[in-house]
Amino acid sequence: MAATEDRRAQELHSTISGTEVAPLYTADDVDLEYERDLGDPGEFPFTRGVYRTMYRGRLWTMRQFAGFGTAAETNARFRYLLEHGQTGLSTAFDMPTLMGYDSDHQRSLGEVGREGVAVDSLADMETLFAGIPLGEVSTSMTINSPAAMLLAFYVCVGEQQGVPRSELRGTVQTDILKEYIAQKEYIFPPAASLRLVTDMIEWSTRELPRMHPISISGYHIREAGSTAAQELAFTLANGFTYVQWALARGLDIDEFAPRLSFFFNAHIDFFEEIAKYRAARRIWARELRERFGARDDRSLLMRFHAQTAGVSLTAQQPEVNVVRTAVEAFAAVLGGCQSLHTNSYDEALALPTEDAVRLALRTQQVIAHETGVVNTVDPLGGAWFVEEQTNELERQAYDYFERIDAIGGVVAAIEQNFFQREIAEASFRYQGEVERGERVVVGVNRYVVEEDSPPPLLRIDPDLEPSQVERVRALRARRDGPSVQLALERLKADAGRDGVNLMPAIVDAARVYVTLGEMCDALREVWGVWREKPVF
Amino acid sequence: MARETGLLSKAKLRVVIAKPGLDGHDRGAKVIARALRDAGMEVIYTGLHQTPEQIVETAIQEDADAVGISILSGAHMTLVPRIVDLLRTRGADEVLVLVGGTIPRDDVEELKRLGVAEVFTPGAPTSEIVEFLRAHAQP
Numbered sequence: 000m001a002a003t004e005d006r007r008a009q010e011l012h013s014t015i016s017g018t019e020v021a022p023l024y025t026a027d028d029v030d031l032e033y034e035r036d037l038g039d040p041g042e043f044p045f046t047r048g049v050y051r052t053m054y055r056g057r058l059w060t061m062r063q064f065a066g067f068g069t070a071a072e073t074n075a076r077f078r079y080l081l082e083h084g085q086t087g088l089s090t091a092f093d094m095p096t097l098m099g100y101d102s103d104h105q106r107s108l109g110e111v112g113r114e115g116v117a118v119d120s121l122a123d124m125e126t127l128f129a130g131i132p133l134g135e136v137s138t139s140m141t142i143n144s145p146a147a148m149l150l151a152f153y154v155c156v157g158e159q160q161g162v163p164r165s166e167l168r169g170t171v172q173t174d175i176l177k178e179y180i181a182q183k184e185y186i187f188p189p190a191a192s193l194r195l196v197t198d199m200i201e202w203s204t205r206e207l208p209r210m211h212p213i214s215i216s217g218y219h220i221r222e223a224g225s226t227a228a229q230e231l232a233f234t235l236a237n238g239f240t241y242v243q244w245a246l247a248r249g250l251d252i253d254e255f256a257p258r259l260s261f262f263f264n265a266h267i268d269f270f271e272e273i274a275k276y277r278a279a280r281r282i283w284a285r286e287l288r289e290r291f292g293a294r295d296d297r298s299l300l301m302r303f304h305a306q307t308a309g310v311s312l313t314a315q316q317p318e319v320n321v322v323r324t325a326v327e328a329f330a331a332v333l334g335g336c337q338s339l340h341t342n343s344y345d346e347a348l349a350l351p352t353e354d355a356v357r358l359a360l361r362t363q364q365v366i367a368h369e370t371g372v373v374n375t376v377d378p379l380g381g382a383w384f385v386e387e388q389t390n391e392l393e394r395q396a397y398d399y400f401e402r403i404d405a406i407g408g409v410v411a412a413i414e415q416n417f418f419q420r421e422i423a424e425a426s427f428r429y430q431g432e433v434e435r436g437e438r439v440v441v442g443v444n445r446y447v448v449e450e451d452s453p454p455p456l457l458r459i460d461p462d463l464e465p466s467q468v469e470r471v472r473a474l475r476a477r478r479d480g481p482s483v484q485l486a487l488e489r490l491k492a493d494a495g496r497d498g499v500n501l502m503p504a505i506v507d508a509a510r511v512y513v514t515l516g517e518m519c520d521a522l523r524e525v526w527g528v529w530r531e532k533p534v535f
Numbered sequence: 000m001a002r003e004t005g006l007l008s009k010a011k012l013r014v015v016i017a018k019p020g021l022d023g024h025d026r027g028a029k030v031i032a033r034a035l036r037d038a039g040m041e042v043i044y045t046g047l048h049q050t051p052e053q054i055v056e057t058a059i060q061e062d063a064d065a066v067g068i069s070i071l072s073g074a075h076m077t078l079v080p081r082i083v084d085l086l087r088t089r090g091a092d093e094v095l096v097l098v099g100g101t102i103p104r105d106d107v108e109e110l111k112r113l114g115v116a117e118v119f120t121p122g123a124p125t126s127e128i129v130e131f132l133r134a135h136a137q138p
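Chains A and B, in that order, are what the protein sequence lines are.
Quick note on numbering: numbering that gives the first Met the number 0 labels position 469 of the first sequence as 468, and the sequence is numbered without any gaps.
Quick note on numbering: numbering that gives the first Met the number 0 labels position 47 of the second sequence as 46, and the sequence is numbered without any gaps.
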């Protein structure tokens, strides 16, 4: 008993992000005015939720991220998930696709179809969505640097199926700023990338009214080791930057702002996460109205997807991850997410098996249908601790906004490695706390067991890569060479000129089976590539 | 950068932390790099998106005692053996090769058979890596 108490005394009482937590909160601890700070759900500043009825009216979208191997295999996984009650699709692409290389590029060696599905051209996209009517599903695509090309492939598949553009629904991640900051899947320098993102926002606003052309993402910032406040602040700062670029393009705020969407992490510190989502909604609504002059309420709504924290999963006693994921998902739901991905318990070891994915989906279904938390909106609203944490995260976010402004904005801060240093600092602090036993990770630094028999893991077929390489080479041989050349010349010409939206050139190139790698190479030629100075 | 030749610095381990392939998940690499530096080692971090050739070149140029390869993309069975082979070809087979990342257990055995000294999977404390290097790398 005494030993247990000693160890308990060693443990920190701050949040996982390092924010101090008092042993008790009362009304005296919180500065709170209902109308100003909370408002009813569906009303400014939307702290309590973006919709009046929230899950009473409609549950969140259960959207499991899937993608591995070939387009045909992923297509089969998509159909499996739809059969099991999933309501939206979410596509994971492999590393070469994310980095804008074709499968037969030298840099793609060993990476084809490993972490997601390999898509080299419209031909692969046709296979990926075969038998899935695009007018009836909403599809999310996790792609950033080459987001415009993948969106173009999707639009072309829609054309082939005879679905009007106005009926295509879904989200393309497109958030390049967090790539420079955290996930590092960048190709072009920041200014060129931002031009491409703005082209997408402008074109989608006109052509794809039900598509979200960008999902401004804190998820990867958090996975890179940031604190909750950093995730919140850097994501919002990135969001403001996209808004500024779109406004500079001459777009009307109320035309495009309703199409901006967000993506946050659902980490293990339960109340801190809930507070983070609530603070995010409040800050976004306030800044969009007061700083950017939005008038339409829909422009003020921060709608977000959440995913449980991959970084919180352990390779040790992996079945315990089911519990972590359930707690994290619960926080996302209490925080008012619009869609949710729950990680599978085997993901610290490999891509998930079908059984593991089903269990993860079942976790959401239990929360939705058995726990009763969906019956009332923002059930934690007014809890002194939660409101104080919401205020605290907001304070910390504004503190960061000032520091970023002082540096000269997000792009300048990226160039000066500001974000990268802040995140590295936070993740190193956390690692130290775990190693000193000040933070307990069950199964890792406490309650460790010897025999860990690994669960059955998903193996990627080693013949996949050569067959995908063969496929893209065969495509190059059979398509119409002169139209490909013409399309690439036009793309380069348009990329070299200001004031031209690149999307039409990209869609036309996609339609004649110009590959992703060829389009990206054309843009690399015009814009150059980005290299970061590594810091640790 | 010229290598110091004093007796004390001679005992300092030189470690290259490398990120091969296209994967940009560098949290682990950076935490390890910093922990090794804090433990008194000379750490060179290659940065992202390195080819096996670039990593081996850096290891040789930097006169590294060990190379720590951080990889989370699933491409480890392609990229790591190439690095080990290239080190051998270039006559640098005394360089200790460590791997960190999401590596399934079967692959861990195979990588060790191919010449990797140790594989650290998620949750491995940095202190364990420091100790391993001190015990096995030769400055």
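Since the hints were made in silico from the structure, they are not lab data.
Check each hint, because a few of them may be wrong.
Derived contacts from chain A toward chain B, CB cut-off under 8 Å, selection only [as the list claims (entries may be wrong)]: (1) Ala91; (2) Pro95; (3) Gln315; (4) Ala423; (5) Ile459.
Think of the CB as a built atom: it goes at the ideal place given N, C-alpha and C, for glycine as much as any other residue.
Results of checking the hints against the structure:
1. Ala91: Since chain B brings no Cβ nearer than about 12 Å to Ala91 of chain A, farther than 8 Å, the hint is violated.
2. Pro95: holds (7 Å)
3. Gln315: holds (5 Å)
4. Ala423: holds (5 Å)
5. Ile459: With Cβ-Cβ at 7 Å, under 8 Å, it holds.
The structure shown violates just one earlier hint, number 1.
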